[in-house]
Structures are given as C-alpha cells and as structure tokens.
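**Q** If you use UniProt numbering, the sequence shown closes out at 177, no skipped numbers anywhere.
The set of hints was computed from the structure by calculation and includes no laboratory data.
Take the hints with a grain of salt, since some may be wrong.
[As the list claims (entries may be wrong)] Restricting the straight-line Cα-Cα distance to at most 25 Å, the calculated cross-link-like pairs of lysine-lysine (BS3-like) are:
no. : residue 1 : residue 2
1   : Lys129    : Lys28
2   : Lys140    : Lys28
3   : Lys131    : Lys28
4   : Lys53     : Lys20
5   : Lys136    : Lys124
[Stated by the list, open to error] Simulated DEER-style distance windows between Cβ atoms:
no. : residue 1 : residue 2 : range
6   : Gly113    : Lys20     : 32 to 38 Å
7   : Glu114    : Glu32     : 32 to 38 Å
8   : Glu32     : Val148    : 17 to 23 Å
9   : Lys124    : Pro30     : 15 to 21 Å
10  : Gly37     : Lys124    : 17 to 23 Å
Treat the numbers as computed from the prediction; the structure is a model and nothing was measured.
Glycine included, every Cβ here is placed at the ideal spot set by N, Cα and C.
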Amino acid sequence: MSSPRRRIETDVTLVNDNSKQEFYVRFKGPEETPFQGGLWKVHVELPDQYPYKSPSIGFVNRIFHPNIDELSGSVCLDVINQTWSPMFDMINIFEVFLPQLLRYPNPTDPLNGEAAALLMREPKSYDAKVKEYVAKYASKEAADEAGVESDDDDDMSSVGSFGDDEDEQPAGQMEEV
Numbered sequence: 001m002s003s004p005r006r007r008i009e010t011d012v013t014l015v016n017d018n019s020k021q022e023f024y025v026r027f028k029g030p031e032e033t034p035f036q037g038g039l040w041k042v043h044v045e046l047p048d049q050y051p052y053k054s055p056s057i058g059f060v061n062r063i064f065h066p067n068i069d070e071l072s073g074s075v076c077l078d079v080i081n082q083t084w085s086p087m088f089d090m091i092n093i094f095e096v097f098l099p100q101l102l103r104y105p106n107p108t109d110p111l112n113g114e115a116a117a118l119l120m121r122e123p124k125s126y127d128a129k130v131k132e133y134v135a136k137y138a139s140k141e142a143a144d145e146a147g148v149e150s151d152d153d154d155d156m157s158s159v160g161s162f163g164d165d166e167d168e169q170p171a172g173q174m175e176e177v
C-alpha cells in the first residue's frame, strides 16, 4: 500500500496553486459494483467556513447514477447537503460517503430521473448502462481530460464541462402548440 503522502500527490490536483480551497480528487469506483474500474475526477471546493460548512463536490467526467446529475456532476447526498458535521472530513467523503452512494443508490430522491427509473424497473439494464458509461467516460484518460478548458473559458467553472460535443443530446423534444 502506498504512503498517504504519495497518495495525496497522485490523487489530488490543486486548481489554483495559491489556494488549497479548490482542488480535484481522483475517485475510483468501488469494488464489486458496476462502477468498478472507473476513475472519476471530482471537483472539490471548500467554503471559507469549512469544516463547519460542507464542501461543494461534483463529478467532472460523466457518471450514470440516480443521485448524480449527469451533465453538471452535482451530487445529491444528504450527509453533504443537509446533515454535514464538522467532524466529517475529505477522507469520510471519498472513502465512505461516495462509495456508499455508488453501492446503494437512492432512486426515490433522484437528480437523474432516467437512471432512477431504469434502476427501479430494469436493474440489469441499469448495471449495463453504468458499465457502458464507465468504459466510455471513466478511464484514466477521460478523467485526466475532463474539465480541461481552453484559454477562452477561464471564467467558466470546470465542473460539468465536457469536451465531447459529439455525444451531446437535447434534454427533450419541444412540441409545436
């Protein structure tokens, strides 16, 4: 097992060298789940009031999960959004809370309705779609490239920015009235 210092050096990338309040963490999909083998870049922003106020976290590369918005990467996790405690830290988030969320999705409180419906109606199809997303969007290369911006996009947040325009699909269809 690698030392904690070495792991921090490989798993954490500071967004701004002058600030330790905004950074990326490499997050691996939990073993024995359809997310196994996936690698995600997770954007973390610590508020000035941290640890008394919860951090803002979001997946940068795409993930198919009922409690994670596919495009923005926002996470619906009670312990981060409502019941945060100053006793929690980043280790809790990345080694307990997020792995548990991926292992035990809550389709009754979805951010991604399609994933929730598929999980409830056809669990095997849900697992297959998760694995498809892992293969397509959660490789080491995809995680490294996720959120990489050009110089013109400096003012835009990297969370939810994807460079793969060919995969964009409209959110729905408009009907003429």
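**Q** All the hints need checking, so say for each whether the structure fits it.
**A** Hints, one by one, checked against the model:
For a cut-off of 25 Å, the pair hint linking lysine 129 to lysine 28 stands: about 18 Å separates their Cα positions. Restraint check: the Cα-Cα separation between lysine 140 and lysine 28 comes to about 10 Å, which is no more than 25 Å; the hinted pair holds. For the hint linking lysine 131 to lysine 28, the alpha-carbon distance of about 14 Å falls within 25 Å, and the restraint holds. Straight-line distance between C-alpha atoms of lysine 53 and lysine 20 comes to about 16 Å, which keeps the hinted pair within the 25 Å bound.
Proposed proximity of lysine 136 and lysine 124 is supported: the alpha carbons are some 18 Å apart, at most 25 Å. Range check, glycine 113 to lysine 20: about 36 Å between beta-carbon atoms, so the 32 to 38 Å window is met. About 24 Å separates the C-beta atoms of glutamate 114 and glutamate 32, a value inconsistent with the hinted range of 32 to 38 Å. At about 31 Å, the CB distance of glutamate 32 to valine 148 disagrees with the hint of 17 to 23 Å.
Between lysine 124 and proline 30 the beta carbons are some 19 Å apart, a value that agrees with the proposed interval 15 to 21 Å. At about 18 Å, the beta-carbon gap between glycine 37 and lysine 124 stays in the expected band of 17 to 23 Å.
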